[in-house]
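Enquirer: Chain by chain, the residues:
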Amino acid sequence: MPTVTYSKSDLLSLIGKNLSDEQLKEVIDQIKPGVEEISANEITIEHYADRPDLFGIEGLARAVRQYLGIQKKEKFDVKDSGLTVVAEKVDIRPFIACAVVKDVKLTDELIKSLMNIQEVLHETFGRKRTRVAIGVHDYDEIVPPIKYVGASPAERIIPLEREVEMSLRDVLINVEKGKDYGHIISKADKWPAFIDQEGIFSFPPIINSNRTRVSEKTKNLFLDITGTNEKIVLQTMNILVTNLAERNAKIESVKVNYGNKKTVTPNLSKEKMIIDVDEANEWVGIKLSAEKMMLFLQKMGYDAKKIKNKLEVLIPPYRTDILHQVDIYEDIAIGYGYNKLKPELPKLPTKGGRNEQEIFSNEVREAAVKLGLQEVLTSIMSNEKDQFDKMGLERTEVAEIENPVSLESTIMRKSILPNLLKILSVNQHVSYPQKIFEVGDVILIDKKEETQTRNVRKISVAIADSKIGFQDIASVFDALMKIVKIKYKLKELNHPSFIKGRCASIICKNKQIGFIGEIHPQILQNWKLEMPVAAFEVELI
Amino acid sequence: MAEYRLSEEGKEYLKYGLPEKNLVEFLNSLPQKTATIGKAGSKVKNLPIALKWALEKGWIIKKGDQLTLLKPPYQTEEEVALKKIDAGMKADEKSLKILLERNLVVKVSETYIKTKKSLEKSGNVIAELTHDMIRTDLWEGKEFKKIDVIHVTKKFKKASEGNLQPYRKVIEEVKEKLISLGFKEAKGPYVEMNFWNCDALFMPSDHPARSIHDIFSMKNPRYGKVLDKQLWKRVGETHKNGWKTGSKGWGTWDEDLARRLILRSQGTAVSARTLYKWKKIPYKMFIIDRVFRPDVLDAKHLNDLDQCEGIVVGKGLNLRHLLGYLEAIAKTVGAKKVKFKPSFFPFTEGSVELQVYHDELGWIEAGGSGIFRPEVTLPLGVSVPVLAWGLGIGRLSMIKMKIDDIRYLYSDNLQWLRKQR
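Top line first, the protein sequences correspond to chains P and Z.
Quick note: the first sequence uses this note's numbering, first residue 1, plus one each step.
Quick note: the second sequence uses this note's numbering, first residue 1, plus one each step.
Some hints here could point you the wrong way.
[To be verified] Negatives, chain P to chain Z, calculated, CB over 12 Å: (1) Glu155; (2) Arg156; (3) Ile195; (4) Glu216; (5) Lys217; (6) Thr218; (7) Asn248; (8) Lys255; (9) Gly337; (10) Gly392; (11) Lys485; (12) Pro532.
[Stated by the list, open to error] With a Cα cut of at most 25 Å, we get these calculated BS3-like pairs of lysine-lysine: (13) P:Lys340 with Z:Lys337; (14) P:Lys351 with Z:Lys187; (15) P:Lys272 with Z:Lys337; (16) Z:Lys177 with P:Lys342; (17) Z:Lys157 with P:Lys485; (18) P:Lys347 with Z:Lys157; (19) Z:Lys83 with Z:Lys57; (20) P:Lys347 with Z:Lys337.
Hints were generated in silico from the structure; no laboratory data involved.
Ideal placement from N, C-alpha and C gives every residue a C-beta, glycine not left out.
Start from the sequences and build out the full structure, keeping to the hints where you can.
Expert: Shown next, in the form of structure tokens:
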């Protein structure tokens, strides 16, 4: 989720009301984005992915104005610019939207805001420019007609902030943005480009030309949005132009001619959705009249018209997150105020209960404590060194992570015992005897399962003292099994982690379910342990 | 009895040669008597140690990355001394001093003498492995007396009580509370299919929270099995065009990605499985168990954490009921004040973030919740409202445990754990 820092004075001037820091935080938190920090001059906000319309300072201010009732109605005028952009078939990036924005006052605030919104939208909503990329140009430097074409990598551009012309291919090799984003298009034969009479002025999703760069002298803008998903391209355009309109710029539409299809962008008409007043009330748990509900909808930027007991809701053109009626219900609840909703437990009698395995696990845990053992809790993630090498075991197939973030946690544990030895090894200054246990899951490969693996519940116990042996651990194990009423048998076992002749497998109902023994001193040395340790690990079935 | 004995490292060098000796021997074996550090490192064990001593002794010179032999290798006094000490003879003072400094030789302690004697007395067969034997390495090469593991006498002597893990105790209290509210406990696998963790929850295939920074993917095994083709079709259609949910859908769906195995990143995966499996409505389900996130944390942090996941499934449920359950859980862990904030999750609408007040830390985010979207419930076969939450039970437990550092939850400090009664 993007975190963005804004100028507080610009935000307040766009809101049009002087709010204290507390008031500002309160209202923004209640609308949805989270206020992280407010300083003398700045406000930092963590946004949620569903509201890209709030990423820009203008959209954020608009939402605050609406929520506080400073602004009631909103209307976006769109004039026809008379411009047509012919769009050739560009397979790698097939969809475009264009707009002309006139009478722009490029104040420091607006320049900062334009840079901010492009960066944030590119990163998040644009999925790092793969899904959507934005180009902003000085309209007066463009010489129409404008075409969107698939350009050969050999064609040339003077990229932004450069003075020399270079091939598109060289942009990918030599220009920073080319190196960052070139991978999005480099595999295609033809690369996306906007051209006018003078040549390429936009090379999406990489870079603009220096010729059409925006400066403090710029009065009119040309916006190009390109992408792989038409809906997202159009929505991004709507967010941008409605933000600019908040600064009194004039929006003009552009005809996009795909040959087989013609569209006009931006399209700021509002989509309609019908909601049922009763259903909305039931969903939130309140009882609002249709009229009252319309007021809360207005607070959230919607227009609504009453039709019998239903509301026809007009969705603002910058809202990208309204897929279903429930999305509007949430906004009614937000308009009402989450903290004004009274929490209530419903009358819904159901019978509760524990999972069988957990009941048994708890019996075992309680029993282990009675026997003087200290419970510990460790990570399910482990590594092959701990799980196999240090235990003297051959490495075997194990659930392995593709993208580990540390060498400590690269696989899922097959055994709990290594975790216990690790705990003993970091506590050698603590008084002995040390007797610890963990009840928890290990992960085994099982090709029969839907997930090719299964969780197996185990208990592992390790006891350490200056003298400790098989008899001691066998006594603990036997006492534990007696408390939880499980019959078992022991059978001699050779296990590389244990001293030969002092290890047994644990058999229950003719199935081997665990092992018990004295840890071999070589294994202790691997863990840098200086006390003898005896241990067992057994499946809880 | 000799006064000194070889350390583990000393024994290794006696057997395989001193590292610096191995290095010069390696260089001497080359026609040009020179090699890069990288090359030498691949042939000579313990190269950093070898380098240090070979340079100090003036046997080699190092120019940049290049090592060149100056003197041919010869037997060193240290090697002679190591052999002597191992044989129980006296070594010369100068060599002994160096060997002690290099920790290749240690002074024979009284414990060593005592332990050695007692071992000799028992014919060098170990009846009982002791701390002293491990400390002195005297177990090495000795035989262990065989124990009759099957018939060994098992007589448990009652010692003092042990102690439950303090965080587990809080988890059990929350479980009890939920059970008293009519919740049934569920289970689910740690290695999970993307389908249950994300797709069945209407998270679009290209959702940023599905990136490698947010979810652990499995290298082995990689893909899960599709058990119910009809279900997969419903979920896929919902993503593509909304299916019969009344939604617009996302326009696309990546089925291959849905089959990929991952570590579950949210307990909500179990909620999705439950909605699909449990047919008798109404019901309440909970699970408090591990989830896994690849957050880059400091060394002491774990990549697994516990989540308290719950769903309430029944007619007539609403947002205020959801807040009711959140408040009840927060109170169970001793939170005095709670607050609700709008939030966003792809699978809920009416998304709520629970905030609780911690005396030391102030307001803390305790987790997310909401009413499941119809795009989640309908394809899974549920047509009544479903309240859902996934709370960071660790953070909530910090209130009850009166701790202000989350790392105590999985503490490996036995002293601290023993004190938490």
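Enquirer: With reference to the structure, classify each hint as holding or not holding.
Expert: Consistency of the hints with the structure:
1. Glu155: 30 Å, holds
2. Arg156: Check passes; 33 Å lies beyond 12 Å.
3. Ile195: Isoleucine 195 of chain P is indeed farther than 12 Å from all Cβ atoms of chain Z, at 29 Å.
4. Glu216: Per Cβ check, glutamate 216 of chain P is outside 12 Å of chain Z; nearest 35 Å; holds.
5. Lys217: Answer for lysine 217 of chain P: holds, closest chain Z Cβ roughly 37 Å.
6. Thr218: 33 Å, holds
7. Asn248: 30 Å, holds
8. Lys255: 24 Å, holds
9. Gly337: It is violated; glycine 337 of chain P is separated from chain Z by about 10 Å at its closest Cβ, not greater than 12 Å.
10. Gly392: 15 Å, holds
11. Lys485: Fine: 16 Å to the nearest Cβ keeps lysine 485 of chain P off the interface.
12. Pro532: The assertion about proline 532 of chain P is violated, with a minimum of 5 Å to chain Z.
13. P:Lys340 with Z:Lys337: Holds: lysine 340 of chain P and lysine 337 of chain Z sit about 15 Å apart, inside 25 Å.
14. P:Lys351 with Z:Lys187: Since the Cα atoms of lysine 351 of chain P and lysine 187 of chain Z sit roughly 17 Å apart, the hinted pair holds (cutoff 25 Å).
15. P:Lys272 with Z:Lys337: With Cα atoms ~40 Å apart, lysine 272 of chain P and lysine 337 of chain Z exceed 25 Å; violated.
16. Z:Lys177 with P:Lys342: 21 Å, holds
17. Z:Lys157 with P:Lys485: 19 Å, holds
18. P:Lys347 with Z:Lys157: Violated, at roughly 51 Å.
19. Z:Lys83 with Z:Lys57: Judged against 25 Å, a Cα distance of about 20 Å means the pair holds.
20. P:Lys347 with Z:Lys337: 24 Å, holds
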